[in-house]
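A.B. asks: Taken in order, these protein sequences are the chains called A and B.
Residue 4 is where the first sequence starts when you use this note's numbering, and the numbers rise one by one after that.
Residue 497 is where the second sequence starts when you use this note's numbering, and the numbers rise one by one after that.
Mixed in with the good hints there might be a few duds.
Unchecked claim - Pairwise CB distance ranges (calculated):
1) A/118 <-> B/503: 16 to 26 Å
2) B/513 <-> A/193: 35 to 45 Å
3) A/60 <-> B/597: 19 to 29 Å
4) B/795 <-> A/118: 26 to 36 Å
5) A/180 <-> B/710: 51 to 61 Å
What the hints contain is simulated information worked out from the structure, not anything from laboratory work.
Built from N, CA and C at the ideal position, the CB exists for glycine as well.
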Amino acid sequence: MREVTIRKQKIKKGSVKIRLIVFGTLAALLIVCSLFSEYLAPYDPYLQNLSIAKQPPSAEHLLGTDRYGRDMLSRVIVGSRTSIFSTLLLVAIITALGTAVGVVCGWYGKALDTVLMRISDLFLAFPGLVFALAVAGVLGGGLQNAIIALAVISWPKYARIARSQTLARKETVWMKAAKLSGSSTGKIIFKHILPNIIGPILVTSMLDIGTMMMELAALSFLGLGAKPPIAEWGSMMSDTRSLMTTSPWITFSPGIAIFLSVMIFNLLGDTIRDYADPKGR
Amino acid sequence: MKKYVLHRLLQLIPVLIGITFLSFAMMRAAGSDAITELYGDKGAVSQEIIDAKRAELGLDKPFLVQYLAWVGGMMRGDMGVSYISGKDVFQTFISKLPATLLLTGLSVVMTVVISIPLGVLTAVRHDKLTDYVLRFFSFVGNSLPNFFVALLLMQIFSIKLRILPVISKGLSIQSAMLPTLTLAIAMSAKYMRQVRAAVLEELNKDYVIGAKARGVRSSVILWKSVLKSSMLTIITLLALSIGSLLGGTAIIESIFMWDGVGKLAVDAITMRDYPMIQAYVVWMAIIYVLVNLITDLLYHALDPRIRLGVRADA
Numbered sequence: 004m005r006e007v008t009i010r011k012q013k014i015k016k017g018s019v020k021i022r023l024i025v026f027g028t029l030a031a032l033l034i035v036c037s038l039f040s041e042y043l044a045p046y047d048p049y050l051q052n053l054s055i056a057k058q059p060p061s062a063e064h065l066l067g068t069d070r071y072g073r074d075m076l077s078r079v080i081v082g083s084r085t086s087i088f089s090t091l092l093l094v095a096i097i098t099a100l101g102t103a104v105g106v107v108c109g110w111y112g113k114a115l116d117t118v119l120m121r122i123s124d125l126f127l128a129f130p131g132l133v134f135a136l137a138v139a140g141v142l143g144g145g146l147q148n149a150i151i152a153l154a155v156i157s158w159p160k161y162a163r164i165a166r167s168q169t170l171a172r173k174e175t176v177w178m179k180a181a182k183l184s185g186s187s188t189g190k191i192i193f194k195h196i197l198p199n200i201i202g203p204i205l206v207t208s209m210l211d212i213g214t215m216m217m218e219l220a221a222l223s224f225l226g227l228g229a230k231p232p233i234a235e236w237g238s239m240m241s242d243t244r245s246l247m248t249t250s251p252w253i254t255f256s257p258g259i260a261i262f263l264s265v266m267i268f269n270l271l272g273d274t275i276r277d278y279a280d281p282k283g284r
Numbered sequence: 497m498k499k500y501v502l503h504r505l506l507q508l509i510p511v512l513i514g515i516t517f518l519s520f521a522m523m524r525a526a527g528s529d530a531i532t533e534l535y536g537d538k539g540a541v542s543q544e545i546i547d548a549k550r551a552e553l554g555l556d557k558p559f560l561v562q563y564l565a566w567v568g569g570m571m572r573g574d575m576g577v578s579y580i581s582g583k584d585v586f587q588t589f590i591s592k593l594p595a596t597l598l599l600t601g602l603s604v605v606m607t608v609v610i611s612i613p614l615g616v617l618t619a620v621r622h623d624k625l626t627d628y629v630l631r632f633f634s635f636v637g638n639s640l641p642n643f644f645v646a647l648l649l650m651q652i653f654s655i656k657l658r659i660l661p662v663i664s665k666g667l668s669i670q671s672a673m674l675p676t677l678t679l680a681i682a683m684s685a686k687y688m689r690q691v692r693a694a695v696l697e698e699l700n701k702d703y704v705i706g707a708k709a710r711g712v713r714s715s716v717i718l719w720k721s722v723l724k725s726s727m728l729t730i731i732t733l734l735a736l737s738i739g740s741l742l743g744g745t746a747i748i749e750s751i752f753m754w755d756g757v758g759k760l761a762v763d764a765i766t767m768r769d770y771p772m773i774q775a776y777v778v779w780m781a782i783i784y785v786l787v788n789l790i791t792d793l794l795y796h797a798l799d800p801r802i803r804l805g806v807r808a809d810a
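With the hints as constraints, model all of the structure from the sequences given.
C.D. replies: Structural data, given as structure tokens:
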């Protein structure tokens with residue numbers, strides 16, 4: 004019986020590795036494509052040519068053209084840079100900010116901890132996108148403001164994880180040894196705490212990429228993120244909604260691009276979680 | 497239990513103060529008040545008139561005094577007037593709230609109808625074909641942005657099949673169908689996974705093996721024991737997901753032109769109608785906090801271990 008379970012675990016670990024390689028490659032491809040999007044796009048995504056407006060998908064224009072005759076495939080490809088990089092930037096910001104607050108709270112404790120944690124509770128008291136909508140509304144539209152709005156509501160989750168992880172490490176024997184041997188606080192935090200707690204935090208950020216991409220696209224869709232004519236998937240969809248009846252491909256191609264990217268990042272996130280925690284799920 | 501309720505109610509006070517303070521401070525930080533909205537900032541009106549108006553509205557007072565005045569007004573249902581329509585903000589908000597609550601309620605019902613049976617099914621048939629297929633669908637649902645789902649449904653049911661209206665015409669079943677379905681699809685995809693996990697966890701407990709060994713039929717174990725004990729977790733998770741639903745309605749309401757507070761808020765944001773945004777943020781947060789509180793109290797009231805005061809050491 005025991006041997007059987009061990010073998011099963013080994014097989015599982017092997018298949019997780021394969022998944023990790025496959026989805027990791029796909030995500031890397033996606034990022035590389037968005038980096039070199041300008042060279043990959045067959046046409047200039049901003050070049051208007053009204054004589055070929057609203058053409059259905061054809062060999063020449065694989066995803067058709069929009070109302071100004073701009074090639075949709077090129078727009079979707081170039082849009083990937085805005086959508087993917089702003090998402091990655093957002094996730095990086097909330098991970099760094101949340102971790103910093105969480106480590107400080109866990110390490111110093113006392114009044115500082117209470118104050119910062121109450122503040123993070125406060126942000127958690129607002130339901131989902133409601134507060135982000137308001138922040139974006141106050142700051143005004145624009146991709147930068149949409150990123151700020153989502154960062155404001157998303158950091159507390161990371162602060163809580165980092166704090167509980169720091170607290171768990173603080174009482175260990177090796178931490179006491181580090182303190183006794185006279186290491187400075189900075190050295191302890193950067194050399195001993197951060198490397199040990201970063202695992203679960205990074206897993207959380209990987210799992211969040213998909214959600215953040217959808218929320219950024221949602222804000223852009225509402226006109227609170229990237230503004231036309233900048234090619235961004237969410238705003239491209241809302242911008243062309245009126246054409247949905249006659250030329251659905253214009254609205255749906257950026258939507259499918261969002262769906263596929265979110266799916267790739269979600270698959271990668273799930274795989275990394277399974278890899279980090281083999282007994283889970 | 498009574499002590500606990502009291503404790504939770506006391507905890508509510510700082511949260512409410514925080515919510516109102518944050519909402520108030522944020523709108524102030526926007527750098528716009530009724531005066532700039534009224535006269536514009538081009539200097540068309542002399543400084544004396546502006547100052548007089550400012551004093552009349554109490555805007556020359558210190559920040560904290562203004563905040564307290566605002567909270568006082570809020571309690572009396574006075575949240576100022578809209579910069580755009582000039583109508584009373586609180587009245588407008590309250591008049592649109594039932595539509596949003598109806599949409600939320602319908603979506604929750606539909607989510608329950610879809611995801612609890614399917615979630616239980618995937619747990620019972622776990623690692624079999626049914627499980628894989630349903631998990632695949634749940635995964636796809638989780639990767640679809642809800643506005644994309646909304647547009648897809650619109651394309652299929654309103655434009656191609658022509659059986660449902662593109663935009664809602666008042667509160668009717670036909671108008672509610674697509675927005676409800678959109679919200680329920682997104683929520684079910686997430687919730688089905690949670691139901692599956694909760695039921696699986698219960699199925700893996702020792703007493704299930706014990707019951708099986710004693711020859712109790714699987715269906716009896718499932719219905720009489722497993723579902724009964726995992727239901728509490730399932731219901732709690734459902735109530736907790738209402739928060740994301742309340743935020744999610746905004747975009748769906750504005751796509752389907754559903755006349756609720758979400759659409760009101762999106763319109764207010766595009767027109768920079770700050771008092772309206774403020775009312776939306778404050779009240780949605782209060783509703784969310786109250787829903788969470790009720791969930792928590794219900795959880796405590798329904799769990800016999802807590803209700804009967806059984807301690808771990810007893």
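A.B. asks: If a hint holds in the structure, say so; if it does not, say that too.
C.D. replies: Comparing the hints with the structure gives:
1. A/118 <-> B/503: 16 to 26 Å: 21 Å, holds
2. B/513 <-> A/193: 35 to 45 Å: Check passed, 37 Å falls within 35 to 45 Å.
3. A/60 <-> B/597: 19 to 29 Å: At 42 Å between Cβs, range violated.
4. B/795 <-> A/118: 26 to 36 Å: The hinted range 26 to 36 Å holds for residue 795 of chain B and residue 118 of chain A, with Cβ atoms some 29 Å apart.
5. A/180 <-> B/710: 51 to 61 Å: At roughly 53 Å between Cβ atoms, residue 710 of chain B and residue 180 of chain A fall inside 51 to 61 Å, so the hint holds.
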